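Undergrad: Here are the chains, one letter per residue:
Protein chains: 2
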Amino acid sequence: MRVVQKYGGTSVGSFDRIKSVADRVKALVDKGDEVVVVVSAMSGMTNKLIGMAKEVSDEPSERELDVLVSTGEQQSIALLTIALHSIGVPAVSVTGRQAGVVTKGTNTRARIEDIDPSYMNEILGSGKVVVAAGFQGTNEKGEIQTLGRGGSDLSAIALASAVNADICQILTDVNGVYTADPRVVKNAKKMEEISYEELLELASVGTKVMQSRSVEFAKKFGVPFEVRSSLNNESGTLVIEEKPNMEAVVIRGVSIERNQARVTVTGIPDEPGWSGRILKALGESEVNIDMIVSNIAHDGKARHSFTMSSDDLGRAQAALKPILSNLTDGGVETEAGIAKLSCVGIGMRSHSGVAATMFEALGDAEINIGMISTSEIKISVTVEENHIEKAAQVVHDAFGLGE
Amino acid sequence: MRVVQKYGGTSVGSFDRIKSVADRVKALVDKGDEVVVVVSAMSGMTNKLIGMAKEVSDEPSERELDVLVSTGEQQSIALLTIALHSIGVPAVSVTGRQAGVVTKGTNTRARIEDIDPSYMNEILGSGKVVVAAGFQGTNEKGEIQTLGRGGSDLSAIALASAVNADICQILTDVNGVYTADPRVVKNAKKMEEISYEELLELASVGTKVMQSRSVEFAKKFGVPFEVRSSLNNESGTLVIEEKPNMEAVVIRGVSIERNQARVTVTGIPDEPGWSGRILKALGESEVNIDMIVSNIAHDGKARHSFTMSSDDLGRAQAALKPILSNLTDGGVETEAGIAKLSCVGIGMRSHSGVAATMFEALGDAEINIGMISTSEIKISVTVEENHIEKAAQVVHDAFGLGE
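Sequences listed follow chains Y and E, in order. Numbering of the first sequence is given in our numbering, commencing with residue 6 and proceeding in unit increments. Numbering of the second sequence is given in our numbering, commencing with residue 6 and proceeding in unit increments.
In short, the hints are calculated from the structure, not lab data. Computed from a prediction, not measured in an experiment: that's the story for all the values here. Any given hint could be a false lead.
Because identical chains cannot be distinguished in the list, a pair is counted as satisfied if it fits within a single copy or across any two copies.
[To be verified] Below 30 Å or equal to it, Euclidean Cα-Cα: the simulated BS3-like pairs (lysine-lysine) are:
| # | residue 1 | residue 2 |
| --- | --- | --- |
| 1 | K109 | K146 |
| 2 | K248 | K133 |
| 3 | K36 | K133 |
| 4 | K224 | K326 |
| 5 | K53 | K306 |
| 6 | K213 | K24 |
| 7 | K146 | K24 |
| 8 | K59 | K133 |
| 9 | K326 | K395 |
| 10 | K395 | K306 |
| 11 | K395 | K109 |
| 12 | K59 | K31 |
| 13 | K53 | K24 |
| 14 | K248 | K225 |
| 15 | K31 | K191 |
| 16 | K146 | K31 |
| 17 | K36 | K109 |
| 18 | K191 | K146 |
| 19 | K248 | K194 |
| 20 | K146 | K285 |
| 21 | K133 | K53 |
| 22 | K225 | K195 |
| 23 | K36 | K59 |
| 24 | K194 | K146 |
| 25 | K191 | K248 |
| 26 | K36 | K395 |
Modelling step: build the complete structure from the supplied sequences, incorporating the hints.
TA: Right under this line is the structure:
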């Protein structure tokens, strides 16, 4: 089997951890697998390097930051390769460039344009492990570029696609993807599998397993991957293309997002253009809007409600001021201290009554629902933030996710 | 003017030093020069990185050591480029690979095979400073290789040749090349110029300004370079192709080498093959032999004498044992605590009486001469180590070098 394994900064954060990663890789090699290991910089290294740049200039150029920061992964690949040699595993390190990762776009947040896997295939073909630097590549001019947040996961998925790996394993500090945050919902269970789309919806509502861009990349190129722990040998959660039998599970998981706020603009004339003007003003002030709900009040005027992070509330109010001054009897209502609860599952498409089950469970628990929004495979509601844990638990139970 | 400047690890050893290098580069740019700056890793960094490798394995592979160690210069180029930007100097960093440095040979001590300066020329052509990583390049497979000791000097000379620089400046912690070690000979003077060949002879006798391979490379490709201080703005010593008027100076400088030992093998039959056998035995034991003197004693047997570092004396004696057992009345005499004094100058070729002047000066000072060896532009003698400083002074004076 051809396996790509990705280890994050914590997993290679000390010499001992590096040695134990080497042991894990050896176990795969011993059972005959061909292995590509993708590693991040040792934890703390990237921040340390950025700190060095800041010592020299308040505004270091992004091109040079990439030259500097990419040395972190380059050190990791050399050290892990040396550790592999020391336990008798033949291995060769490759930088992003040597892995054939061609990038495009802005430095510090480039995207992967193409991968030429010929050097990696040559190494694998000679029976050696490839140890590849995550997070980096070079553009067509040969300049070093980094991929931004979650870049090492993206590298792993992309390399897995390029070398036609059977599986890409994302080794991390959690055991997999859970039906809910286990710190909140006691009987949350690790999922055996989940579709790309479901994971994307969970990621978009705050389940921080992986950056959406990596999941999207995997979905686009059909790369199956497994999220599993770097600290034990338990199997994790397989993230794959949607399969027919997956719809049997109505709800895959429940996700919460705290620290939300609602802003409602009232007294909007029921005529075209106002929604666009409001959203544009918020966008220009870099307010990230999440849920949008709009309806007509009894006076014939429209009410637009938005949710956002509480941190954006002040910026939102300021951004809306000039708009309000153009409204005869407009107003802004704000509410902080709310949270969002979401149910995600592709089974929702073929099963009716999902919303009813969710709302009923919340009602039975005497939890009031604020805003509601739905997508094809997700239902989100807002509740008072101090009810969110109980809300998550009762909804989780209502769908039998802990069983 | 197109200038290549090379700064060593001490010159970029702290954020403040990096900023002051940036100021020096700006001064050149302000007067209209096109500049390529070659930098080493921050002082201590290379050893730190090697130490990291040693934490993981007692015998790290040389390929991976190069991947690891080359991050040191990569960090330096990014930091210096950022420092240049912060004072308004447009600049672009290039790794060894981006500088077009193609290497060949063994990792950790590769040689420069070729340089493709097109990217550097493009940067210079757009009015920007090139900040290049010394000490590194990539081989034809794209693998990172480092150049070994003195590698950054070599990079600077080679890049200067590739971009057709008018001058290559080696910025260091000395003001230039002196007629003698100023710590030993009080009135030693900084030379204005010296030929490649003279510097090579001085380097071979312990004047540690630059590694011989860099000087040889400069000589081979006709790259003029200047050794000067990174701490002040005084002009240094120009190292150039020999010119006719250079011969007017009989002796360019005086050099000393301490901690020498002499080994003499006696009782060697006056027949072919013995010299080769002795040298081979010493070579196989990694004894670096310097002077070799041979003559026939009154008994018709040959005596071979060698000088070497005192540190090699034990190894040399051990290596000679098996040979002595084949000699009827062979023996080994050893003498430690000697030092070597050399006079170097291309003027020697056209001036007679140089040896006489040297020996007379030593005789007048009642310093006994041990072994003598000569080359076309060098005369070396051994003296008792506790007389070496006085010997250097009187010979320096005899040739009027302090005037």
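Undergrad: Each hint should be assessed against the structure and marked as holding or not.
TA: Outcome of the hint check:
For the homomeric pair K109 and K146, the shortest alpha-carbon distances inside one copy (10 Å) and between copies (23 Å) are both at most 30 Å. Proximity of K248 and K133 under a CA criterion of 30 Å is satisfied in neither setting, with 35 Å inside one chain copy and 56 Å between copies. Taking CA atoms no more than 30 Å apart as the test, K36 paired with K133 passes inside one copy only; the shortest distance there is 14 Å, against 53 Å between copies. In this assembly of identical chains, the alpha carbons of K224 and K326 never lie at most 30 Å apart, being 41 Å within a copy and 73 Å across copies at closest.
Neither within a single protomer nor between protomers do K53 and K306 lie at most 30 Å apart by alpha-carbon distance, with minima of 54 Å and 69 Å respectively. Taking identical chains as interchangeable, the C-alpha atoms of K213 and K24 lie at most 30 Å apart only when both belong to the same chain, with a minimum of 27 Å there against 41 Å between chains. Proximity of K146 to K24 under the C-alpha cut-off of 30 Å is restricted to the inter-copy arrangement: shortest distance 28 Å between copies versus 36 Å within a copy. Taking the closest pair of Cα atoms, K59 and K133 come within 30 Å of each other only across two copies (22 Å); inside a single copy the shortest separation is 39 Å, beyond that limit.
In this homomeric assembly, K326 and K395 never come within 30 Å of each other (Cα to Cα): the closest approach is 36 Å inside a single copy and 88 Å across copies. When the C-alpha separation of K395 and K306 is checked against a cutoff of 30 Å, the pair qualifies neither within a copy, at 36 Å, nor between copies, at 104 Å. For the identical chains of this complex, K395 and K109 are neighbours neither inside a copy (46 Å) nor across copies (66 Å), given an alpha-carbon limit of 30 Å. Taking the shortest Cα distances, K59 and K31 sit within 30 Å of each other only across copies (20 Å), while inside one copy they are farther apart (39 Å).
For the identical chains of this complex, K53 and K24 are neighbours both inside a copy (22 Å) and across copies (19 Å), given an alpha-carbon limit of 30 Å. Taking the shortest Cα distances, K248 and K225 sit within 30 Å of each other inside one copy (16 Å), while across copies they are farther apart (69 Å). Taking identical chains as interchangeable, the C-alpha atoms of K31 and K191 are never at most 30 Å apart, the minima being 35 Å within one chain and 63 Å between chains. For the identical chains of this complex, K146 and K31 are inter-copy neighbours only, at 26 Å across copies versus 37 Å inside a copy, given an alpha-carbon limit of 30 Å.
Taking the shortest alpha-carbon separations for K36 and K109, neither the intra-copy value of 38 Å nor the inter-copy value of 36 Å comes in at or below 30 Å. Taking the shortest Cα distances, K191 and K146 never come within 30 Å of each other, neither inside one copy (52 Å) nor across copies (54 Å). In this homomeric assembly, K248 and K194 come within 30 Å of each other (Cα to Cα) only inside a single copy, at 21 Å, whereas the closest approach across copies is 84 Å. Proximity of K146 and K285 under a CA criterion of 30 Å is satisfied in neither setting, with 36 Å inside one chain copy and 51 Å between copies.
For a Cα distance limit of 30 Å, the shortest separation of K133 from K53 across copies, 28 Å, qualifies, whereas the shortest one inside one copy, 32 Å, does not. Proximity of K225 and K195 under a CA criterion of 30 Å is satisfied intra-copy only: 25 Å inside one chain copy versus 68 Å between copies. Taking the shortest alpha-carbon separations for K36 and K59, only the inter-copy value of 29 Å comes in at or below 30 Å, while the best intra-copy value is 46 Å. Taking the shortest alpha-carbon separations for K194 and K146, neither the intra-copy value of 48 Å nor the inter-copy value of 48 Å comes in at or below 30 Å.
In the homo-oligomer, the alpha carbons of K191 and K248 lie at most 30 Å apart inside one protomer (29 Å), although the nearest pairing across protomers, at 87 Å, exceeds that limit. In this assembly of identical chains, K36 and K395 lie within 30 Å of each other by CA distance neither inside one copy nor across copies; the values are 46 Å within and 72 Å between.
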